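Undergrad: The primary structure of each chain is shown beneath.
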Amino acid sequence: MTAVPATSETPQLTGSRCRDCGNVAFPEAAGCQRCGSTDLVALALAARGTVWAHTVQRFAPKSPPYVPPAEGFTPFAVGYVELPDGVRVEAVLEATTIDDPAELTGATVTLVATEPVPRFATGPWLAAAGIDPEEGTR
Amino acid sequence: MSEVSIIGAGLSRFGRQPGVTGRQMAIQAIHAALADAGIAWPDVQVAFGGSDGAGLADTLVAELGLTGIPFTNVKNGCATGGSALVAAVNAIRSGAAEIALAVGFDKHPRGAFDPRPEDWGLPAGYGEAGLMVTTQFFAVKIARYLREHDIPESVLARIAAKAYRNGALNPNAWRREALTEEQVAGSAMVNDPLTQFMFCSPGEGGAAIVVASPAAAKRLGARAVKLLAVAPRTRAFGTFEVFSPSIQGDGVPTSVSTTAAQAAFEMAGVGPDDIDVAQLQDTEAGAELMHLAECGFCEHGEQEKWISAGETEIGGRLPVNTDGGCIANGEPIGASGLRQVHEIVTQLRGEAGDRQVPGAPRLGFTHVYGAPGISACTVLGV
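Quick mapping for you: the protein sequence lines, in order, are chains A and B.
Per full-length UniProt numbering, residue 1 is the first one in the first sequence, and the count goes up by one each step.
Per full-length UniProt numbering, residue 1 is the first one in the second sequence, and the count goes up by one each step.
Derived by calculation from the structure, the hints in this document are not laboratory data.
Hints should not be assumed to be uniformly reliable.
Said to hold, decoys possible - A few chain A residues that face chain B, going by a derived Cβ cut-off under 7 Å, partial list only:
(1) Cys21
(2) Ala25
(3) Gln33
(4) Arg34
(5) Leu40
(6) Val41
(7) Leu43
(8) Arg48
(9) Ala53
(10) Arg58
(11) Pro65
(12) Tyr66
(13) Glu90
(14) Pro116
(15) Pro124
Note that the structure is predicted; figures quoted are calculated from it, not measured.
Cβ coordinates follow ideal geometry from the N, Cα and C atoms, glycine included.
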C-alpha cells in the first residue's frame, strides 16, 4: 500500500468533451479521436467509477523511465476504471490485497491521486487508510 | 488488383546470437531469400525494410552491393515487416519494378521493452509510474476477455505448450524444448493471469521476402506462392490498445486486427473458413486466443472448444503458429511479420518437414498486431 499524502484539495481528473460529437477523452485532448474535430472543451471527470479490468505488475519495470518508490518496488495493481462520463481511464489501483482479484474485479473505486498517473482505491483500502469514501466525490 | 508472387523467402537464425549484429542477420536472411528465388542481389530493383532498434535497413547495401536501387527505410513497430511487404507489393503492382525485396530484422536486449512515453505521445508520468510496460496491456485485455466470455485461465497454458511443442519441431526456432502445460502455468507470474512462459521474449533475427510480377516469376521458373492480399491498418475509434491512458467510446472495444483481417479476406476473395494454415500474432498465449476470433476464424468465446478439440494443432482444422510463433521464435520486432510469411510459404510448398501441415494446404493467412494499434494481414495461396 502506498500512503496518500494528506491534502486539503480533492483530487480531480480533467478530460475533454468534443463539442461536435460529444466524445469524452482523457487526458484532455487537442483533437477528437472519433470525429477529428478540434472544438473541444475541458471536462472535470467523475471521481468514482468501477474497475473495468485489471492486472498486477509483478516485476519492477525498467528504470528509466520507471521511478520506484523510496522503499523499493512492490507489485501493484493497474487497470482501467470506467467512469460515468463515458470513458475508461488507465490507473494504478489501490486495494488491501492484490493477490485476490475479488476485491478489485468490478469494484467501485474512488480517485485518490492524479499525479504522476490517476490512482483509484477500493472501499476497503480507503477504510483501512481512514479515508471517507464519500469525500472527493462530486 | 494485379497479381504479385512471392518467389523467395529467407530467415537468419532466431534467438540469442552473441557477437552477431541485427544487420548481419538481415544480410543472412536476404541471401537466403535470394538463393531461394534463384536470383542475385543485382536482380532486385527496389527494396524496403527496417528494424525497431538494430539499425537502418538502407545501410545494408554496403554489404549487399552498391547497385544504386531505391531502398526505403520502414519503421512501423510490429508491423514493420508487413509495411515493408506492402511497399514492395505496391512497387510490383504499379509496374515500377518486376522484382522487389522486403526485409525486417532486430536484436533486442534481454527483458521487457522500455519505451519512452514521449515517443508515444504520453505524459512522462506514465513512465515514472511504471505503466509503460507492454505486458500489462495484454494481461488487462485477456483478463477482461476471459471473464466476459467465461473461458478458464487453463486454456492459456495449453496455447503456450502448443507453441513450445511446435518450436521443438522447427530447427530454426529459439525455444526448442517442449514445455508442459504444468511448466507453463507454474512459471513466474508476470502480469496476472499471464506467466513468464506464456509470453514471447524480445529476441533476435532477420527475415526477407522477394516478390515479383507474374511475368518475372514465370521467366525465373520460380516456385511462386501467390500473394492474394496484404492489408495493413491503423486503429479505428473505440479500440483498446497498448499504451492507452484511456479507452474512449462506449461498449465493447473493437480491434484493428478485425478490420485488417476483413480487408485481407475481401481483397483475396476468400473467407476465414477457406484458410488451411494461419500465423497469428502470439505476443502471449492470450493474444493468440483473442486473435483467432478477432480475425474471424471463430466466434468470440468459441476458442476453448476449438483448442480443447486440438483444432489449432498441426493436423487440426486450422493449424496456428506451426513454427512455434513468437513464443518459440522470440520477438525481433522488425522480423516477426516476415517470419510469419516465410512459414506460410514453407507450408504451402510442402517443405515444412516435421511440422508440415498434412493434406497439401493451399491457402494460408498471416496476422501481426502491435502498438499503438496497428495490424497487417496477408492471404497467400498456391
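Undergrad: With reference to the structure, classify each hint as holding or not holding.
TA: Going down the list of hints, with the structure as the test:
1. Checking Cys21(A) against chain B: minimum C-beta separation of about 10 Å lies over 7 Å; hint violated.
2. The closest approach between the C-beta of Ala25(A) and any C-beta of chain B is roughly 6 Å, which is under the 7 Å cut-off, so the hint is satisfied.
3. At about 5 Å, the closest approach between the beta carbon of Gln33(A) and any beta carbon in chain B falls short of 7 Å, and the interface hint on this residue holds.
4. For the restraint placing Arg34(A) at the interface with chain B, the shortest Cβ-Cβ distance is roughly 5 Å, inside the 7 Å limit, so the hint holds.
5. A cut of 7 Å between beta carbons decides the hint on Leu40(A): the least distance to chain B is about 12 Å, and the hint is violated.
6. Restraint check, Val41(A) versus chain B: the minimum CB separation of about 16 Å is more than 7 Å; hint violated.
7. Hint on Leu43(A) is violated. Least Cβ distance to chain B is approximately 12 Å, over the 7 Å limit.
8. Nearest Cβ of chain B to the Cβ of Arg48(A): about 16 Å, over the 7 Å cut. The hint is violated.
9. Nearest Cβ of chain B to the Cβ of Ala53(A): about 3 Å, under the 7 Å cut. The hint holds.
10. For Arg58(A), the shortest C-beta to C-beta distance to chain B is roughly 5 Å, which falls under 7 Å, so the interface hint holds.
11. A hinted interface residue such as Pro65(A) counts as satisfied when its beta carbon comes closer than 7 Å to some beta carbon of chain B; here the least separation is about 3 Å, so the hint holds.
12. The beta carbon of Tyr66(A) is positioned within 7 Å of a beta carbon in chain B (closest approach about 5 Å), and the interface hint is therefore held.
13. Interface hint status for Glu90(A): upheld, as the beta-carbon distance to the closest one in chain B is roughly 5 Å, under 7 Å.
14. Satisfaction of the interface hint for Pro116(A) is found here, the shortest Cβ-Cβ separation to chain B being roughly 3 Å, below the 7 Å cut-off.
15. A cut of 7 Å between beta carbons decides the hint on Pro124(A): the least distance to chain B is about 19 Å, and the hint is violated.
Comparing the model with each earlier hint shows violations of hints 1, 5, 6, 7, 8, 15; every other hint is respected.
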